[in-house]
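My request is simple: use the sequences and hints to build the entire structure.
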Amino acid sequence: METYYNPEDLKKFGKIGDFQKDLADKFFDYYGEVFKEGALTAREKSLIALAVAHTVQCPYCIDAYTSDTLEKGCTEEQLMEAVHVAGAIRGGASLVHGVQMMNQAKKKMM
Amino acid sequence: MKSLKAQGHAFSESTQQLEQLNKNGFEPFKEKLQNIGLFPLKPTGIDIFQMNLGKMCNQTCQHCHVDAGPDRKEIMTRETMQYCLDILAKSNIQTVDLTGGAPEMNPDFRWLVEEASALGKHIINRCNLTIINANKKYHDLPEFFAKHKVEVVSSLPHYTAFRTDRQRGDGVFDRSIDAMKRLNDVGYGIEGSGLEFNLVYNPTGAILPGPQASLEADYKRELKRKFGVEFNNLFVITNMPISRFLEYLLRSGNYEEYMQTLIEAFNPIAASGVMCRNTLSIGWDGYLYDCDFNQMLDLKVKGNSQHVSEFDFEALENREIVLDQHCYGCTAGLGSSCGGQTS
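Line by line, the protein sequences give chains Z and E.
Each residue of the first sequence is one higher than the one before, starting from 1 at the first, in the working numbering.
Each residue of the second sequence is one higher than the one before, starting from 1001 at the first, in the working numbering.
Every clue listed holds true.
Incomplete in silico selection of chain E near chain Z, CB under 10 Å:
{"no.": "1", "residue": "THR1160"}
{"no.": "2", "residue": "PHE1162"}
{"no.": "3", "residue": "PRO1203"}
{"no.": "4", "residue": "THR1204"}
{"no.": "5", "residue": "GLY1205"}
{"no.": "6", "residue": "ILE1207"}
{"no.": "7", "residue": "GLY1210"}
{"no.": "8", "residue": "PRO1211"}
{"no.": "9", "residue": "SER1214"}
{"no.": "10", "residue": "LEU1215"}
{"no.": "11", "residue": "ASP1218"}
{"no.": "12", "residue": "TYR1219"}
{"no.": "13", "residue": "GLN1260"}
{"no.": "14", "residue": "THR1261"}
{"no.": "15", "residue": "GLU1264"}
{"no.": "16", "residue": "GLY1333"}
For lysine-lysine, the following BS3-like pairs were computed, each having C-alpha atoms within a straight-line distance of at most 27 Å:
{"no.": "17", "chain 1": "E", "residue 1": "LYS1147", "chain 2": "E", "residue 2": "LYS1136"}
{"no.": "18", "chain 1": "E", "residue 1": "LYS1226", "chain 2": "E", "residue 2": "LYS1181"}
{"no.": "19", "chain 1": "E", "residue 1": "LYS1030", "chain 2": "Z", "residue 2": "LYS11"}
{"no.": "20", "chain 1": "E", "residue 1": "LYS1147", "chain 2": "E", "residue 2": "LYS1121"}
{"no.": "21", "chain 1": "E", "residue 1": "LYS1300", "chain 2": "E", "residue 2": "LYS1073"}
{"no.": "22", "chain 1": "E", "residue 1": "LYS1149", "chain 2": "E", "residue 2": "LYS1181"}
{"no.": "23", "chain 1": "Z", "residue 1": "LYS45", "chain 2": "Z", "residue 2": "LYS12"}
{"no.": "24", "chain 1": "E", "residue 1": "LYS1023", "chain 2": "E", "residue 2": "LYS1300"}
{"no.": "25", "chain 1": "Z", "residue 1": "LYS11", "chain 2": "E", "residue 2": "LYS1023"}
{"no.": "26", "chain 1": "E", "residue 1": "LYS1090", "chain 2": "E", "residue 2": "LYS1300"}
{"no.": "27", "chain 1": "Z", "residue 1": "LYS26", "chain 2": "Z", "residue 2": "LYS11"}
{"no.": "28", "chain 1": "E", "residue 1": "LYS1220", "chain 2": "Z", "residue 2": "LYS45"}
{"no.": "29", "chain 1": "Z", "residue 1": "LYS26", "chain 2": "Z", "residue 2": "LYS15"}
{"no.": "30", "chain 1": "E", "residue 1": "LYS1005", "chain 2": "E", "residue 2": "LYS1023"}
{"no.": "31", "chain 1": "E", "residue 1": "LYS1032", "chain 2": "Z", "residue 2": "LYS11"}
{"no.": "32", "chain 1": "E", "residue 1": "LYS1090", "chain 2": "E", "residue 2": "LYS1302"}
{"no.": "33", "chain 1": "E", "residue 1": "LYS1224", "chain 2": "E", "residue 2": "LYS1149"}
{"no.": "34", "chain 1": "Z", "residue 1": "LYS36", "chain 2": "Z", "residue 2": "LYS11"}
{"no.": "35", "chain 1": "E", "residue 1": "LYS1032", "chain 2": "Z", "residue 2": "LYS15"}
{"no.": "36", "chain 1": "E", "residue 1": "LYS1032", "chain 2": "E", "residue 2": "LYS1302"}
{"no.": "37", "chain 1": "E", "residue 1": "LYS1121", "chain 2": "E", "residue 2": "LYS1300"}
{"no.": "38", "chain 1": "E", "residue 1": "LYS1023", "chain 2": "Z", "residue 2": "LYS12"}
{"no.": "39", "chain 1": "E", "residue 1": "LYS1121", "chain 2": "E", "residue 2": "LYS1090"}
{"no.": "40", "chain 1": "Z", "residue 1": "LYS12", "chain 2": "E", "residue 2": "LYS1032"}
Honestly, the hints are just simulated from the structure, not real lab data.
Glycine included, C-beta positions come from ideal geometry on N, C-alpha and C.
See below:
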């Protein structure tokens, strides 16, 4: 069955360089640097990546960072809390615009 | 849960496992070693004499590469142990590594430890923890281990009950914590006691293990904080794609991806430090193998010295190590051995 997302495509990510090598090299070098141990631990970065993956709803990233966070020693509970952080920010981002709606409603109505 | 053997599963035959490991067109492990000039793989010496005292165990763990359990009756006889002790007496091998199954269930276990201890050997015992509180006759094992300064190495796949019990069976985590307290009470894992107590982590699923140092820090913090128990080091081990774990990989649809992950994570430094280069593995029936995994796949050492009754130290030190596709498990990422990560 054809679908827009194919799990096999994740393995081909590196091939984006076939069409534009210089930018791909720069991106992957940058990507590698970002995820190195720094002021944040590699594990903290991986959990952030998992939360962001849910926010941008990228199935490749969700698969990749589920494995990565588990490999780095996170528990299932920690993974789900990261997803809730994404959910809370997404939900909050909608709700906080409610203030704008209220402002406009108050302006328009008597 | 029954062993694969008791279930009559195809993977209770080592030939079926090897057939599975070789039928997917993955790059042969030998070629990987050839590419880095490590083939044929030769020993650097024989420093560790690892004796598998039998497949009998009080647990039936999901990932067990031995397919051990209460329904397995194969155990090493005293006669075979005596051959081993004679070899150890004549050699400079310093470390005797006892494994199983639950090695303590072998009726000659204590005799063997006493004899090996009298030879001045360093003894490692791979204890599953729950054997200590399984039956009154095992309650004094911590004191017995301490008397002979046995290094205790125990599997605890996670510091949460949820993960540990999923791999090792319901209630195993709580009983393991109780056993750890008993070991701590006689000094095991306590700094300055000289009694070494190490834990083993292996992933509860089809993923590679993370770095040993950070996992060890988590284990130490959480086990001390929640249960007040201590240990010395955490050994991080990769799950080998054989026996029950191989069956799980196939059943869960993870096999191809897991193998691919192991192959892509091939690490030449880990390859040069694999444990088969300084370890000899002895089966319950006295046959010799390059490692405990080869033993479970019935891949005996190459050459004429294949049994403790025909032990030829020089020939074994110069043997060519037997390899197959499961070997990718020891060379992936940071490497894996019975003593943890290798690079």
